[in-house]
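There are 2 protein chains.
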Amino acid sequence: MLKPDTEALRAPLNAFLDQHLATVENAHLQAAMRYSVDAGGKRLRPLLLLATVATFGGEVEAAMPAAAALELVHTYSLIHDDLPEMDNDDLRRGQPTAHKKFDVATAVLAGDALQSEAFTLLGQLTAQPQVQVALLQTLAAAIGGNGMVGGQVMDMDSQGQTISLADLKQLQRLKTGALLEAAVVMGGQLANVDAATFGALRAFAAHFGLAFQIQDDINDLTKTAAQLGKTPNKDVAEHKATFPALLGLAGSREALQQEVAAAAASLATLNQPAPQLSAFLTYFETR
Amino acid sequence: MLKPDTEALRAPLNAFLDQHLATVENAHLQAAMRYSVDAGGKRLRPLLLLATVATFGGEVEAAMPAAAALELVHTYSLIHDDLPEMDNDDLRRGQPTAHKKFDVATAVLAGDALQSEAFTLLGQLTAQPQVQVALLQTLAAAIGGNGMVGGQVMDMDSQGQTISLADLKQLQRLKTGALLEAAVVMGGQLANVDAATFGALRAFAAHFGLAFQIQDDINDLTKTAAQLGKTPNKDVAEHKATFPALLGLAGSREALQQEVAAAAASLATLNQPAPQLSAFLTYFETR
Chain Z
1 MLKPDTEALR APLNAFLDQH LATVENAHLQ AAMRYSVDAG GKRLRPLLLL
51 ATVATFGGEV EAAMPAAAAL ELVHTYSLIH DDLPEMDNDD LRRGQPTAHK
101 KFDVATAVLA GDALQSEAFT LLGQLTAQPQ VQVALLQTLA AAIGGNGMVG
151 GQVMDMDSQG QTISLADLKQ LQRLKTGALL EAAVVMGGQL ANVDAATFGA
201 LRAFAAHFGL AFQIQDDIND LTKTAAQLGK TPNKDVAEHK ATFPALLGLA
251 GSREALQQEV AAAAASLATL NQPAPQLSAF LTYFETR
Chain G
288 MLKPDTEALR APLNAFLDQH LATVENAHLQ AAMRYSVDAG GKRLRPLLLL
338 ATVATFGGEV EAAMPAAAAL ELVHTYSLIH DDLPEMDNDD LRRGQPTAHK
388 KFDVATAVLA GDALQSEAFT LLGQLTAQPQ VQVALLQTLA AAIGGNGMVG
438 GQVMDMDSQG QTISLADLKQ LQRLKTGALL EAAVVMGGQL ANVDAATFGA
488 LRAFAAHFGL AFQIQDDIND LTKTAAQLGK TPNKDVAEHK ATFPALLGLA
538 GSREALQQEV AAAAASLATL NQPAPQLSAF LTYFETR
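Chains as they are written, first to last, in the working numbering: chain Z, 1 to 287; chain G, 288 to 574.
Since the hints were made in silico from the structure, they are not lab data.
Check before you lean on any hint, since a few could be wrong.
Sample of chain G residues at the chain Z side, in silico, Cβ under 8 Å [to be verified]: (1) H315; (2) A349; (3) L365; (4) H367; (5) L396; (6) A400; (7) Q417; (8) L423; (9) I430; (10) D444; (11) Q448; (12) D454.
Even glycine gets a Cβ: it sits at the ideal position worked out from N, Cα and C.
Required output: the full structure, derived from the provided sequences and hints.
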C-alpha cells in the first residue's frame, strides 16, 4: 500500500507512465509520446484522482492505470492545442512544443495515440468490470464532443468575439473543467463512494476547475515567460475570451477567491475530513 | 430482431450513427463530425462486426453501438490522415476533405472527438460488463501506439525509403489490418464465441486485411479519380511503399488472389457455414 500523502504518489505515478510508454514498439512514436508526457507537467489530474481514492479508502496502487490515463489525455490535448493551426504555441513548460521538436504529423499522431492509450489503461484496471465500465463512461463523456473537445471548439470560435461571462464559464467548464471533474468522479468510482459524496465531489471539482482557469488567465497577464514556461500575453494577442477581459484583473482575483472558497465549502459538506483534497486549494494565489 | 442479411443492416447502422452524432451539442463540431461520417463510406468495418455477430447468433441490434464505434474510429483516422502535414489529400470519396471543407483546426478536433465518441459508444452497450471491458481492450489495442497509429507512423517514416515485403506487411497489418481484425474479434466477443472460433476469425481478418490493402494499392495505380473518389497515383508521387512497388502489378494481383483464397480457407475451418462473412470476399477483383 502506498503512503496516503499525495506528493508521495508522484514518483510511482511517473514510474507507471514510464513503464506504459515503454510498451510502444515504434521508436519514433514512443519518443514523441514520451517527450510531451515527460515535459514536467504538474500531474494535477492524476494526483487529484489518487487523492480522491486515498481520501475514501480505495486502493491507491490499483488506481494507478486510471490516474495515468488522465495524464495521457491531458498531454494529448496539450499537443493538439499547441499545433500551428490551433493555438500555435512554440513553447510549453519551457521546452519546444511537440510539433517544433518533431513535426506536425508526428505531433498529431502522438496525440492520437495518447488518447487511445488512455483507454488501453482503463482496460488494464483490476477493478470490477462494472467499475471499469463506469470509468470508461466518465472519461469518454468528459473528453468527447460534449466535453473537452467541445470546449476547445467553443474556445476557437470565441476568438475575436465578445462572449458573456456565462458562455465563458460554460466554455471553460468543458475545455478544462470536464477532465478535472472526471478526475475526482473516477476517484470516487474507484473508491465506491455514495451518491451524496459524488455530489460534493462534483461541486468541489466545478469550483476548482473554474478557479484553475481564472488563475491561468491571471498568470497569462501577470507572469513572465520564464515563470509560465510558455509565451505570456497570448490571450490578449489572440483576442481570446478570458476572465480578466470580462472582469478586469481585480475582479478576476475576487472571482478566484470566491471559487476557491466555494471549493473548500464543497469539501466541508463531506461526512469526513478531506485534507488531501483541501491541499490542492493551496495551488491558488488568492491574495 | 434485425434481418441477418448484412446489407439490410446498413440503414439501421446509418440511423444509429446519425442519432449519436445528433447528441453533439456544439453545432460547428457536430457539422464537422457529421460531414466526414456522412461522406459515403462503405461501412466495411461496422458491417463486418455485425455480420460476425449475426453469424454466431449474437444480438445484432444490441451490437449497433460497437459497430458504430468502429466507423467513428475509421472516420477519425481518415480525417487526420488527409491533413496537409500528413497525406495532404484534398479529395476523399469525391468530396473535399474535412480540412478543406472546414479548416485544419476543426478537422483535428473533429477527429479527436470522433475517437472519444467511439469509446462513449462502447460504454453505452447493454452487454455484460466483462464483455464491454473485453471490447474496450480490443478496440483500444487495435488503434493505439501498437495498432493503427503505430502503422501510420511506420507509413510516414517509410516514405522515400525502400522497405522489405515483410516490413510492408507489418506496416499494413497495423495501419489497416488491426481495425479490420478488431471488427471480427469484437463481433466474436459480442456473440461469445469459443477460442477456436476466435483463431479462425483472426486468421480470416489477417488475410482479409492484407487483401484489402493490396486491392487499395492496385486501385491507386489503375483507377481514375472519378472511380476512386480521391486523387489517384498518390502513392507513386509520394514514394510510398506499396505492394505494386515491391511485387509489380501482376505480382500484386497474384498476391491479392492468394490472400482472398487464404481468407476463404480460414472461414472453412469454422465449425459452421459463414455466408455473411464469405460475402465480404466478393469485394475483391481477383481476376
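### Query
Any CB of chain Z closer than 8 Å to the CB of G:D454?
violated, 12 Å
### Task
Tell me if G:A349 is really an interface residue toward chain Z, meaning its C-beta lies closer than 8 Å to one of theirs.
Nearest chain Z Cβ about 15 Å off; hint violated.
### Message
Given a cut of 8 Å on the nearest C-beta pair, is the interface hint for G:H315 held or broken against chain Z?
### Response
holds, 6 Å
### Query
Is the shortest C-beta separation between G:Q417 and chain Z less than 8 Å?
holds, 4 Å
### Task
Using Cβ atoms only, decide whether G:H367 comes closer than 8 Å to chain Z, and label the hint accordingly.
holds, 6 Å
### Message
Under 8 Å is the threshold here; is the Cβ of G:Q448 close enough to any Cβ of chain Z for the hint to stand?
### Response
With Cβ-Cβ at 13 Å, over 8 Å, it is violated.
### Message
Next item in the hint list is G:A400. Is there a CB on chain Z closer than 8 Å to its CB?
### Response
holds, 4 Å
### Task
Would you check whether G:L396 satisfies its interface hint, that is, whether its CB is within less than 8 Å of any CB in chain Z?
Holds: closest Cβ of chain Z sits about 5 Å from G:L396, inside 8 Å.
### Query
Would the stated hint for G:L365 survive a check requiring a Cβ distance to chain Z of less than 8 Å?
Because about 12 Å separates G:L365 from the closest Cβ in chain Z, which is outside the 8 Å limit, the hint is violated.
### Message
Under 8 Å is the threshold here; is the Cβ of G:L423 close enough to any Cβ of chain Z for the hint to stand?
### Response
holds, 5 Å
### Query
Is the shortest C-beta separation between G:D444 and chain Z less than 8 Å?
holds, 6 Å
### Restraint satisfaction for G:I430 [CB to CB of chain Z, less than 8 Å]
holds, 5 Å
Figure legend: structure checked against the earlier numbered hints; hints not met, in rising order: 2, 3, 11 and 12.
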